[in-house]
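Asks: Here is what each chain is made of, one letter per residue.
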Amino acid sequence: MTTPPVLEQENPPPPAPIAQPQEDGFGVWILRVLSALVVPIVVIVFFFAFGFLKDENANKAVQVLVAVVVGIGGVWAMYWGMDRLVAMLPNRAEASVRPFVFVGPALAILSFYLVYPAVNTTIISFKDARSANWVGFDNYARVFTESEYLISMRNSVIWVLVVPFFAVAIGLAFATMADKMSSRAESVSKSLIFLPMAISFVGASVVWTFVYAFRPEGFGEQIGILNAIWTNLGNDPIFWLSQQPWNNLMLMVILVWLQTGFSMVILSSAIKGVPDVLLEAARIDGATEWYAFWKVVFPSIFSTVVVVWTTVLITVWKVFDIVWVMTGGQNGTQVVAQQMVQEFFSNRNNGVGAALAVLLFIAVVPILILNVRRFQAEEAVR
Amino acid sequence: MSKVTTAPGVRQTGRLPIYLTVGLITALWSVPTVGLLINSFREPRTIRGSGWWTVFGSLFDSTAWTLGNYSRVLDEGFGNAFANTLAVSIPSVVIPITIAAFAAYAFAWMNFPGRNLLFAGVVGLMVVPLQMALIPILRIYTNIGVTGTYPAVWLAHAGFGLPLAVYLLRNYMGSLPSSIIESASIDGADHFSIFRRLIIPLSVPVLASFSIFQFLWVWNDYLVALVFLGIEPQSRVLTVELADLAGRGEGALNLLPAAAFVTMVLPLAVFFGLQRFFVRGMTAGSVKG
Amino acid sequence: MFVPKEEALKKTKWIAVLAVLSIIVAACGGDGDTTTTAGAAGGDGDTVAADFTLFGAPTGVEGDALAGFVDVYNTETGSTIQYTGSDDFESQLRIRVDGGDPPAMAFTPQPAAICEFADQGALVSLETMGFDIAAMEADHSKYWMDLGVCSDGEHYGIPWFPNFKSIVFYHVPTFEEKGYEIPETWDDMIALSQQIVDDGMTPWCFGFESGGGTGWPGTDWIEDILVRQSGSDTYAKWVNHEIPFNDPAVVSAFDKFGELFFGDGFVLGGAENVVGINFNDSPGPLFNDPTPGCLMLKQGSFISNVFKDQPDYEDGEESEIKTFAFPSIDGNVGAMGGGDTLIVFDGAPENVQVVKDWISPDWQCTLASASAGGVGKYGGHGVEGVERLPGNKNVDPNCYETESGKAFATSVTAALASNSFVFDASDLMVTAVGSGTFWTAIIDWSQGASSQDVTDAVESTWP
Numbered sequence: 001m002t003t004p005p006v007l008e009q010e011n012p013p014p015p016a017p018i019a020q021p022q023e024d025g026f027g028v029w030i031l032r033v034l035s036a037l038v039v040p041i042v043v044i045v046f047f048f049a050f051g052f053l054k055d056e057n058a059n060k061a062v063q064v065l066v067a068v069v070v071g072i073g074g075v076w077a078m079y080w081g082m083d084r085l086v087a088m089l090p091n092r093a094e095a096s097v098r099p100f101v102f103v104g105p106a107l108a109i110l111s112f113y114l115v116y117p118a119v120n121t122t123i124i125s126f127k128d129a130r131s132a133n134w135v136g137f138d139n140y141a142r143v144f145t146e147s148e149y150l151i152s153m154r155n156s157v158i159w160v161l162v163v164p165f166f167a168v169a170i171g172l173a174f175a176t177m178a179d180k181m182s183s184r185a186e187s188v189s190k191s192l193i194f195l196p197m198a199i200s201f202v203g204a205s206v207v208w209t210f211v212y213a214f215r216p217e218g219f220g221e222q223i224g225i226l227n228a229i230w231t232n233l234g235n236d237p238i239f240w241l242s243q244q245p246w247n248n249l250m251l252m253v254i255l256v257w258l259q260t261g262f263s264m265v266i267l268s269s270a271i272k273g274v275p276d277v278l279l280e281a282a283r284i285d286g287a288t289e290w291y292a293f294w295k296v297v298f299p300s301i302f303s304t305v306v307v308v309w310t311t312v313l314i315t316v317w318k319v320f321d322i323v324w325v326m327t328g329g330q331n332g333t334q335v336v337a338q339q340m341v342q343e344f345f346s347n348r349n350n351g352v353g354a355a356l357a358v359l360l361f362i363a364v365v366p367i368l369i370l371n372v373r374r375f376q377a378e379e380a381v382r
Numbered sequence: 001m002s003k004v005t006t007a008p009g010v011r012q013t014g015r016l017p018i019y020l021t022v023g024l025i026t027a028l029w030s031v032p033t034v035g036l037l038i039n040s041f042r043e044p045r046t047i048r049g050s051g052w053w054t055v056f057g058s059l060f061d062s063t064a065w066t067l068g069n070y071s072r073v074l075d076e077g078f079g080n081a082f083a084n085t086l087a088v089s090i091p092s093v094v095i096p097i098t099i100a101a102f103a104a105y106a107f108a109w110m111n112f113p114g115r116n117l118l119f120a121g122v123v124g125l126m127v128v129p130l131q132m133a134l135i136p137i138l139r140i141y142t143n144i145g146v147t148g149t150y151p152a153v154w155l156a157h158a159g160f161g162l163p164l165a166v167y168l169l170r171n172y173m174g175s176l177p178s179s180i181i182e183s184a185s186i187d188g189a190d191h192f193s194i195f196r197r198l199i200i201p202l203s204v205p206v207l208a209s210f211s212i213f214q215f216l217w218v219w220n221d222y223l224v225a226l227v228f229l230g231i232e233p234q235s236r237v238l239t240v241e242l243a244d245l246a247g248r249g250e251g252a253l254n255l256l257p258a259a260a261f262v263t264m265v266l267p268l269a270v271f272f273g274l275q276r277f278f279v280r281g282m283t284a285g286s287v288k289g
Numbered sequence: 001m002f003v004p005k006e007e008a009l010k011k012t013k014w015i016a017v018l019a020v021l022s023i024i025v026a027a028c029g030g031d032g033d034t035t036t037t038a039g040a041a042g043g044d045g046d047t048v049a050a051d052f053t054l055f056g057a058p059t060g061v062e063g064d065a066l067a068g069f070v071d072v073y074n075t076e077t078g079s080t081i082q083y084t085g086s087d088d089f090e091s092q093l094r095i096r097v098d099g100g101d102p103p104a105m106a107f108t109p110q111p112a113a114i115c116e117f118a119d120q121g122a123l124v125s126l127e128t129m130g131f132d133i134a135a136m137e138a139d140h141s142k143y144w145m146d147l148g149v150c151s152d153g154e155h156y157g158i159p160w161f162p163n164f165k166s167i168v169f170y171h172v173p174t175f176e177e178k179g180y181e182i183p184e185t186w187d188d189m190i191a192l193s194q195q196i197v198d199d200g201m202t203p204w205c206f207g208f209e210s211g212g213g214t215g216w217p218g219t220d221w222i223e224d225i226l227v228r229q230s231g232s233d234t235y236a237k238w239v240n241h242e243i244p245f246n247d248p249a250v251v252s253a254f255d256k257f258g259e260l261f262f263g264d265g266f267v268l269g270g271a272e273n274v275v276g277i278n279f280n281d282s283p284g285p286l287f288n289d290p291t292p293g294c295l296m297l298k299q300g301s302f303i304s305n306v307f308k309d310q311p312d313y314e315d316g317e318e319s320e321i322k323t324f325a326f327p328s329i330d331g332n333v334g335a336m337g338g339g340d341t342l343i344v345f346d347g348a349p350e351n352v353q354v355v356k357d358w359i360s361p362d363w364q365c366t367l368a369s370a371s372a373g374g375v376g377k378y379g380g381h382g383v384e385g386v387e388r389l390p391g392n393k394n395v396d397p398n399c400y401e402t403e404s405g406k407a408f409a410t411s412v413t414a415a416l417a418s419n420s421f422v423f424d425a426s427d428l429m430v431t432a433v434g435s436g437t438f439w440t441a442i443i444d445w446s447q448g449a450s451s452q453d454v455t456d457a458v459e460s461t462w463p
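Chains as they are written, first to last, in our numbering: chain A, 1 to 382; chain B, 1 to 289; chain C, 1 to 463.
Honestly, I wouldn't trust all of these hints.
Unchecked claim - Straight line, CA to CA, 20 angstroms or less: simulated DMTMM-like cross-link-like pairs of lysine to aspartate or glutamate:
(1) C:Lys308 x A:Glu221
(2) C:Lys356 x C:Asp71
(3) C:Lys393 x C:Asp362
(4) C:Lys393 x C:Asp132
(5) C:Lys308 x C:Asp362
(6) C:Lys308 x B:Glu43
As the list claims (entries may be wrong) - Not everything, but these chain B residues come out facing chain A in the computed CB check (under 8 angstroms):
(7) Leu24
(8) Asn39
(9) Phe41
(10) Phe56
(11) Phe102
(12) Ala189
(13) Leu198
What the hints assert, rightly or not - Here chain C is said to cover these stretches of chain A; the calculated rule only asks that three of the stretch's residues, wherever they fall, bring their Cβ under 8 angstroms from a Cβ of chain C:
(14) 278-287
(15) 347-356
Simulated from the structure, these hints should not be mistaken for laboratory data.
Glycine residues also receive a C-beta, built at the ideal position from the N, C-alpha and C atoms.
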């Protein structure tokens, strides 16, 4: 679904923020490709040419230092060098090659680390379990007919509706309210919301064990806080993670807990950026805080809300580890990404796993269109 | 750090409910972590025997507490793992952010064929599951003989972190007022100097913010380090050590909490250190208007 | 105290993220097109002291015991072998094989992995190394040897040491006080359970919860019942899908288990709640004071590792818990378990000599326990509390220090010799079932679904 970046041949350039020449010869394309590749290739060659960078036993501080110096200084120097080289080109060629000096290294690295695997996955999705023979659309047919995959699709859709909404809504509400607190209270409370992001995943799974743990009659005191509260209210303990369909919500809570910190941090800084004069004006007009938020603050940060929502949505769409570790997809908790990992790696059914991965790519296309439209609209007014 | 300063009268109304609500959410968010923290100081037997909240009944009973979990965790070769993790993390943050900044500038302020399509493609790459990428990459690494080297891990992290970096940076840079760039252009500055002299200084907040997210991700990464760096004791990173503890059934409940807090220390320090950048704004608007 | 660390690992891995990984890399080996021919080095010259890395799963005290064993061997032979253990063993081994840098030797708990590596051309066969297959089949176990026969018909796996799962832990003081007899047959065990209920206690503890691996502890029951009720031939056919998963023999094994599992008052906490009890917590009630919450628990011997972490455990109390062999059904006994199989990537002559030594009774005695019971020619491995069962029927049971070690060793060697030892089916079946739908079946069944329905469901998902 992603186009092989640097190789694209024909396309009318879009309306330009800064007007530039339109017509490209074949030679210009060669230059573009070359200019895109030089920086990553030199960096990679440098890294691998020096034996001590590879040596796990060498002094780590020196390795890191060299990597940082090359990573910042060297890369900057090379971008600069390429820029100077391009500047020597005839005017028209210069203008059409230069963007590729800037964007090219990123595209080259992405092509290797993500585009190539994505293409590879797409090909595998038309092959059998061991990727030996072509099977056409069989894997897709299976995915769309067998109930376990259909359930995982239903669950995934619920995940992307629920989790980003709560992660963004709570993050936004929290950021807005924290903004009105004393700066120390704000700093402390924001840090605590951020905290889950710093916990490694293995740690997080233990955290939630102590929330959902279940001890039936005869196995001693409850060690999960949810059942402790529940039994204190006079109920029998419940094995929460087997209660369909609520167990799905229990798992979603974990991801909301993890992702709210991300959305809160970014939204909070966006709110800080809303110019005071606008708020003042609204207040002088007698607007309530509520009205001021919706009429002034929210429109100003709308683009950030979309960015955060998109980022969280994609994270949710790819979520598999929470499900994998907590329930293994049992009891109706399977989601597409977890099924993909399971098929591909556990069941060794490459074909079906890859087909599920391709579905994951395709499903975000509308989100991409939305984002590009929004950026275009933004450019039109700036 | 500009706080929204308003007429005191307006600010005072409804402040208590705000404190209460924020306090409640914060408390809810902290409960699971507090549980983990308390359990990390308890004996395995008491962890299994009673809920962590029961410690509040006997807070000063010294027999209820132990530092044993921490001392066992720190005995497990965490020093070396700590150094390894730093050696992996720092370049893995610096490299992608440099490359992404150039690309984001081009996407925001330069014109070239296929720009929107390429940008959509980059954003779309965020959805490529890491798990699908590991194997093809590993095969190539193996063929060219770089498996198990630091640069192999750095570049892999750079590749996997780029889409989000480009997306966030482009969103920010694109919202800078065009007047700045136009006036610089008129003064004869080329793209490279505009980028270096104007855009980068203006983007420090977003660069710092992305750095911490990328740092958190790399610091807590298990998969990439394990696959591309390997498991030999001298090359293990913290998360691999941690997973090693988790694999021992008997240690899972007591050693893991302690280990989790040990690994959290540095990310939290970085977060506190960089907090002023978060406050100043990561995305659109802080310069606008 | 007892062996099968790998068992615990293999399952708890689901708890840790590693699972994911192990798998990931499993796929790397998968397509098998990457090549590593670390094949038959078969060099000439004198047999010299060996110098290589042995790679395996055990870490912690289990790993220390192996390292101790290797140290003893190094001292005796002037070798410089190094043991490296990893909880991510399976994935790491695949990475190294794919990376063209395999260890000279490894031992794997998963027989299915043997032929994957062999078919990839990475392993050296026993035939190539000049082993006497017939003699090995006599001393070890033809059944186990056969698990390492790959597509070219040659043998690639060397049985090293087994684990034992056909055991039941029980609370000795209560049994003695009440005069309960150790059950010899399934029917005795049901009668005993009823007796315990009538005496106002609860006979059984269960715990099926294991995060993403929930359900696996139940599969051991089905396997132990099936191999006794229908014989090891049926068991082998079932594992290889030569009979369907929902064969009447299997359905009947579920039903047989149901006699006990759904017995009125038999299960502490109620049968329907068993899926919510973590397997590491399941021994807890054995230590309740003053009377134990339950009297019996069937679990692999590794579970004794967590005895001391149970809330009501008091120092020394583990001596109150002993084991008896899983009873016979219709007069048939069986031994179900797992085991570690040596595989050789580098067949240099000195390495072949190492293998020959390590499977010999003398060296297996060193591997057996800390002191080798004082009878070992070379002493023991030196790590207290770790006892490894013999993969060679000629190992002297006196190599074990503990009574239970001797007893297990005797049963295992007998089972190996009579070829009645069978491998845990979930290690042998295709992963989609063995580490997937079989577990789902146990979960659903424990919640009340019928034996027929759950086995039908598994059959329909067999790839």
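Asks: Hint by hint, say whether it matches the structure.
Replies: Hints, verified against the model:
1. C:Lys308 x A:Glu221: holds (18 angstroms)
2. C:Lys356 x C:Asp71: Status holds; Cα separation ~17 angstroms.
3. C:Lys393 x C:Asp362: holds (12 angstroms)
4. C:Lys393 x C:Asp132: holds (16 angstroms)
5. C:Lys308 x C:Asp362: violated (33 angstroms)
6. C:Lys308 x B:Glu43: holds (11 angstroms)
7. Leu24: violated (11 angstroms)
8. Asn39: holds (6 angstroms)
9. Phe41: Since chain A brings no Cβ nearer than about 14 angstroms to B:Phe41, farther than 8 angstroms, the hint is violated.
10. Phe56: violated (12 angstroms)
11. Phe102: This hint holds: B:Phe102 lies near chain A, its Cβ roughly 5 angstroms from the closest one there, short of 8 angstroms.
12. Ala189: Constraint on B:Ala189 not satisfied, violated at 12 angstroms.
13. Leu198: Since the shortest Cβ distance to chain A is 14 angstroms, the answer is violated.
14. 278-287: violated (count 0)
15. 347-356: Holds: 4 residues of the stretch 347-356 of chain A have a Cβ under 8 angstroms from chain C.
Violated hints for the displayed structure, listed by number in ascending order: 5, 7, 9, 10, 12, 13, 14.
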